[in-house]
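*Asks:* Those protein sequences? They're chains W and E, same order as listed. Using my numbering, the first residue of the first sequence is number 2, and each one after it goes up by one. Using my numbering, the first residue of the second sequence is number 2, and each one after it goes up by one.
I should point out that these hints are in silico values taken from the structure, not numbers from a laboratory.
Think about it this way: if two alpha-carbon atoms lie no more than 30 Å apart in a straight line, the pair counts; the simulated DSS-like pairs of lysine-lysine are:
(1) W:223 with E:122
(2) W:104 with E:229
(3) W:19 with E:248
(4) W:229 with E:104
(5) W:211 with E:107
(6) W:110 with E:104
Protein chains: 2
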Amino acid sequence: MKYNFGAGPCILPQEVFKQASQAVLDFNGTGLSILEISHRAPEFEAVMDETLQLVKELLNVPAGYSVLFLQGGASLQFSMVPANLLGEGQTAAYLDTGAWASKAMKEAKLYGNVTAVASSKESNYSYIPRDYEIPSDAAYFHCTSNNTIFGTELFEFPKSPVPMVSDMSSDMFSRTINVEDFGLIYAGAQKNMGPAGVVLVVIKDELLGKSGRKLPSMLDYKIHADNKSLYNTPPVFSIYTSMLNLKWLKAKGGVAQIEKENIAKAAALYEEIDRNPVFKGTCNVEDRSRMNVCFVTENPEHEKPFLKLAEERGMIGIKGHRSVGGFRASIYNALPITSVHALVDVMREFAQKNG
Amino acid sequence: MKYNFGAGPCILPQEVFKQASQAVLDFNGTGLSILEISHRAPEFEAVMDETLQLVKELLNVPAGYSVLFLQGGASLQFSMVPANLLGEGQTAAYLDTGAWASKAMKEAKLYGNVTAVASSKESNYSYIPRDYEIPSDAAYFHCTSNNTIFGTELFEFPKSPVPMVSDMSSDMFSRTINVEDFGLIYAGAQKNMGPAGVVLVVIKDELLGKSGRKLPSMLDYKIHADNKSLYNTPPVFSIYTSMLNLKWLKAKGGVAQIEKENIAKAAALYEEIDRNPVFKGTCNVEDRSRMNVCFVTENPEHEKPFLKLAEERGMIGIKGHRSVGGFRASIYNALPITSVHALVDVMREFAQKNG
Chain W
2 MKYNFGAGPC ILPQEVFKQA SQAVLDFNGT GLSILEISHR APEFEAVMDE TLQLVKELLN
62 VPAGYSVLFL QGGASLQFSM VPANLLGEGQ TAAYLDTGAW ASKAMKEAKL YGNVTAVASS
122 KESNYSYIPR DYEIPSDAAY FHCTSNNTIF GTELFEFPKS PVPMVSDMSS DMFSRTINVE
182 DFGLIYAGAQ KNMGPAGVVL VVIKDELLGK SGRKLPSMLD YKIHADNKSL YNTPPVFSIY
242 TSMLNLKWLK AKGGVAQIEK ENIAKAAALY EEIDRNPVFK GTCNVEDRSR MNVCFVTENP
302 EHEKPFLKLA EERGMIGIKG HRSVGGFRAS IYNALPITSV HALVDVMREF AQKNG
Chain E
2 MKYNFGAGPC ILPQEVFKQA SQAVLDFNGT GLSILEISHR APEFEAVMDE TLQLVKELLN
62 VPAGYSVLFL QGGASLQFSM VPANLLGEGQ TAAYLDTGAW ASKAMKEAKL YGNVTAVASS
122 KESNYSYIPR DYEIPSDAAY FHCTSNNTIF GTELFEFPKS PVPMVSDMSS DMFSRTINVE
182 DFGLIYAGAQ KNMGPAGVVL VVIKDELLGK SGRKLPSMLD YKIHADNKSL YNTPPVFSIY
242 TSMLNLKWLK AKGGVAQIEK ENIAKAAALY EEIDRNPVFK GTCNVEDRSR MNVCFVTENP
302 EHEKPFLKLA EERGMIGIKG HRSVGGFRAS IYNALPITSV HALVDVMREF AQKNG
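Using the sequences provided together with the hints, build the complete structure.
*Replies:* Here it is in structure tokens:
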């Protein structure tokens with residue numbers, strides 16, 4: 002038995018793997034593989050339409066927003082956001098909550114001025130800053146809703162006087178959000194949406210085509226919106242498998258239902274971290290992520306032997322990121338609570354032997 | 002029986018579909034799907050290394066070149082090439098042989114001056130121009146080695162006094178090339194390399210980091226080269242399946258062997274087009290592509306009934322692009338010669354009934 006706690010690309014539901022595997026052999030009884038289908042074929046257009054519809058339904062996307070499936074991951078979004086939204090001489094406001102937020106800021110500086118409204122860098126990003134002000138003349142305000150590396154999550158979005166942009170790569174589809182509060186949301190697929198290779202963008206239509214800057218076509222949201230994400234050959238298989246996964250989520254009861262399960266999974270694990278004398282959390286308690294649970298051993302000498310035991314018990318991907326050390330258990334939508342229980346059992350077993 | 006003549010995404014070998022399908026369920030006996038493997042896992046690093054090695058071996062890439070696997074397809078390369086190679090105020094020379102060449106020129110104009118050394122636009126791109134001069138002060142010379150839409154192919158590359166850049170999306174790995182003649186080669190995977198979602202770039206190292214321009218990290222070849230295509234999460238499944246396909250090609254005898262087969266396939270089909278009174282080719286004979294065979298019916302009224310008959314006989318994707326009309330049979334590496342024979346049979350059957 003394997004328990005995949007990897008931070009991404011990460012676990013997806015077993016039935017999604019089965020369906021995707023089958024479609025690689027024979028897509029919908031066409032006698033063709035999903036890998037050899039033209040992206041202009043009606044069969045694939047139906048896949049695009051259904052994926053789009055599922056995103057709109059699951060996130061409750063209101064009218065006046067476009068949903069795009071692009072390439073280049075969140076990393077390319079770090080540049081596309083300012084390229085499209087930050088006019089020459091304008092300033093964008095960023096909340097600096099971790100490595101990815103900081104990379105996003107760096108890329109934005111190529112296009113205009115960047116101001117950090119607040120940062121928790123001084124404490125190794127162990128908390129989400131509060132009580133900052135967003136300048137009302139900023140072109141937009143950018144925040145990272147979940148910090149995969151540091152294990153913090155932004156549970157209350159600020160009221161922003163300017164369009165709010167959020168990198169939701171690691172908690173999109175894991176919790177209810179109010180899309181209307183945002184001008185733009187982006188999320189690399191490879192956590193809760195699907196396999197690596199596609200990035201989801203939800204953008205308010207009134208932000209399209211307003212950069213005042215000549216953009217490479219592939220970096221222009223408006224071109225992708227006008228072409229329904231078929232301006233060029235899309236990542237067919239990643240989109241198809243995302244559709245399968247979103248269907249799974251819908252059948253489970255949607256985002257509100259999975260959010261309950263995610264709360265329960267996170268609670269079970271944090272409870273053990275707080276209870277077990279061998280371990281301790283690394284983040285401010287109220288900012289603890291429900292997706293990426295970071296913890297360390299009280300005694301640094303326990304780190305290696307615990308990792309060894311956990312790996313012997315089938316745990317995968319729980320080594321912490323080098324920026325934090327210790328452990329990180331990523332408990333995305335598709336991770337069953339039984340996997341969390343298995344990890345808790347290993348933590349207890351270790352404590353009994355070494356406590 | 003289906004015969005997939007689609008222009009791309011297109012047919013790949015059946016054994017590649019089988020192996021890819023299996024890896025979606027269980028990757029190399031790890032008990033994990035290839036879709037849930039971390040891109041930083043040693044198992045995936047081995048995939049990257051092997052894919053890289055296969056590209057180098059199959060294309061005979063000399064020392065001093067980097068091989069990259071990126072996202073955004075050839076369409077993003079249309080911008081990345083000038084962003085990286087065309088300095089402010091410099092001029093790039095383009096050979097205009099079709100819709101994609103023309104799009105590449107359009108994107109380059111955002112970064113500098115563009116001059117067309119020659120164009121066959123006036124004859125609906127039915128031939129490859131010859132006897133043009135490449136300015137020796139150009140930043141680079143760009144050509145499209147195969148024109149998927151119009152069915153022409155560049156069999157003799159010019160001697161270029163400046164770095165030669167080629168979009169080989171639709172004939173990469175189908176014919177022997179001399180990489181040393183090029184400064185940069187790029188190719189969207191979805192013809193002869195693998196599924197959509199990854200683009201191959203082979204670049205001479207001395208061209209890296211020379212733009213004199215601050216680039217978004219994701220558009221900077223040097224950053225991708227320095228990070229061995231792992232600057233951000235790569236399209237794992239597309240790369241893995243490309244590896245399977247390149248292994249298939251190597252086992253078959255490599256590019257020189259497949260080139261012989263491709264020549265034979267193209268010859269069989271063009272022979273029928275020239276012999277059969279119902280049909281005629283659309284391109285200059287010596288420029289006829291071995292990958293995309295374009296033809297029309299002599300009598301326009303035969304077009305619809307032939308398409309109907311061909312579809313009844315299991316032919317897929319042979320409708321010509323709207324820019325040319327008629328028919329296009331894409332006969333990429335993985336298409337068996339038996340499929341060409343089947344198409345020839347249908348053409349004869351149609352001629353017997355309607356000739």
